[in-house]
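Enquirer: Sequence:
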Amino acid sequence: MSEKIHAKKGGFTLPAQAGLDEVVLDLAKRWGADAFRDSDGTVLSESITELGYDIYSTLCLIRADQEWNNEHPEDNQQKYLFSTPQTAREAVMEIDILERYSKEQYRIDEINDAATYWEVVNRTTGAIVPVSDWDYADGIVTVRNCEKWNVYSVNFLVYQIWETTSMYNHITNDWGDAPHQSGIDPRKAETREHIAKFLDKWLETHPNTDWVRFTSMAYQFPIITNPKRETLYQDWYGYLDCMSAQALDEFEEKKGYRLRPNDLIDDGYFNSTDRVPTRAYLDWIEFTHEFMVGWARDCVKQVHDAGKKAILFYCDHWIGTEPYKPAFQEIGYDGIIGPCINGREVRRVADVPGDLVKELRFYPYFFEVDLLNEPTFKEGGDPVRDCKKYWMWIRRAMLRKLVHRIGYGGYLDLAIKYPDFIKYLEYQTREYYAICEHTGFTPVQNAPFKVGILNAWGRDRSWGFDQSWPLGGITESLSGQPFDIEWISFDDIRGGVPEEFGVILNFGLAGTSWSGGENWTDPRVVSSIREFVDNGGGFLGLLDPTAHENGGAFYQLWDVLGVQKEYGLSNDTKKVLPTDISEGHFLAEDLASTDPKLGKHVQTIYPCIESTQIVAKDDEGSVTIATNDFGKGRGVYLAGFELGAEQNRLLQRAIWYAAGREEDMKKTWFSSNIETEIAGYPETGKYIVINSSNEPQTTTITDGQGNTKTVELDANASQWFDFAGNKI
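Residues 1 to 728 (this note's numbering) make up the sequence shown, in order.
Keep in mind that the hints were calculated from the coordinates and are not lab data.
Calculated pairs, SDA-like style, for lysine to any residue (alpha carbon to alpha carbon, straight line, at most 25 Å):
| hint | residue 1 | residue 2 |
| --- | --- | --- |
| 1 | K401 | P326 |
| 2 | K201 | S45 |
| 3 | K450 | D491 |
| 4 | K197 | D40 |
| 5 | K632 | E610 |
| 6 | K450 | T702 |
| 7 | K709 | T699 |
Here are the in silico distance ranges between beta carbons for each label pair:
| hint | residue 1 | residue 2 | range |
| --- | --- | --- | --- |
| 8 | N373 | E499 | 40 to 50 Å |
| 9 | K103 | E566 | 41 to 51 Å |
| 10 | D177 | R297 | 32 to 42 Å |
Every residue gets a Cβ at the ideal spot worked out from N, C-alpha and C, and that includes glycine.
Can you make the complete structure from the sequences, with help from the hints?
Expert: Structure follows, in structure tokens:
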């Protein structure tokens, strides 16, 4: 096997395709590829696999043997759905339970006992309807003894008969009457045994494969569709597609209690990751993770025994593997690959613990349309524009945490129709290889304190949330900021804030897992943060931080932040404190106005203590930026965030200020022009200045020794220097 992938010089995986051998070899030279891969719907020619390049072979075990899957429909994967809530107008009502869902995607489970695994719920009262008061036949649940004008729904099991990723690829690429593929559940013993035999045979028949690219393992994140093939629900972290009648029984045996269907349906919210997780849902995640670690470990061992390496695609059927949990390391993967369109997705892969080859599969994917169904490699598309835009987001995050490899996926015959795109990738790959060479994969020099992002999920969902997609906001900005960042949970601070943190950051809308919800009623949580700030730490809140109505307050750390939110319960209480803008504040130095663009921000925010300094407010007088001294430390509040150069600098200033280190911000590794950024690498003695804007920029930079220098950059360009200030 080639050792090129292990050399820390960066690598590129090219999506090859049979019949394009000459094109593949030409692009391999132009893009610096050292590995070829196949994609769903493509194969590699034998001649390509024998040229000495590393070969990635894509393998989705749950749908690899459709003949076997079709012979064992009872082993197809399952999930819970709930019927459309329906108002009872009479004592008896009929509910068409699958009415709003795709019958191409789902088949009602008529194998397992409905009375055992389903439930009918009176949504008005929350009561479970006795089994004796309902029955099921031919897609209809008939409910008797209904309370008139109450609302009812059914939580029921289905089989997924069209596997989600295959369904997406089929529809996106218009594969017409090609057979629909199903996915099988490895929790079933006979299925697991069959998959093991299949994998052994597959490994024997792929002698030229170096890397088995698991895409991914068993359980897909949920994408629920309606009869029009429109998406009703999608959650990249959701644990809906890993449930089955068997799994529910095994859960009861292992955990000592039985899950209700509604523990998983969650009143129709499906335990969205935006929800503060219940104990039952966390138990379900842990139960699934434990199974997946064991099964994936067996699969990886088979790969290793065949003399090949195993790499996980951190998307699609990744559910249960949980790369940020400690047990993930027990599986034994040699690498991990993540799809990447922005800086947050860079960090989601780059920050995964462990000695793994880390790779990013960039967008645009070589399909005719993108994930938003907008044209890419077809009439009306502009893949160069898209690629350049994504690279500007990706590059700044890579300068904070680098990955070993990059690549693309999809159909090469589409991409080669766009020569400007082919040429732009030459530029992109050269920039990436330069980053690898000049950093040597050594650490970037960040601020001398750590920032903790506090939410209900903590490390397990590191870099897993932002305000929107594909670009995002707060998290996207943080991905390229000069700070060491760690995602932490409330459990991590109940006994006190760890010493390594200089700033704790909490952001999200009220009631969400990201803001924290009821966690803010725990005296240990609020006391720990108050003590931390009083001793000199910083607390930065964005949107609805610390939000939960309790003790006559909505923002529980109002005394630290200096602001409170009026949400309708205290309108009669007069807000008498002045809302004058504090002139010349450190946070405002790069702002164009006292009403900066913060996007869709939280409103009705007012100062609640006299020491509050108001930096900005909107045209209705609601505070949008404020600071407050609390003991030896500081609280900082931002009502919103909209990604942009001015806002990036604002967030950077807010963190430095909260830490009480604002005087240090400009001393080293600082660029005066907000459209540009700088990153230094002491171990190699080199630094880079980047321009993420579409216009030429001039900036004055301060290097790691405090020396200043004027730098001019073309649009989107970058420039490397050594520590003596010489261009490289």
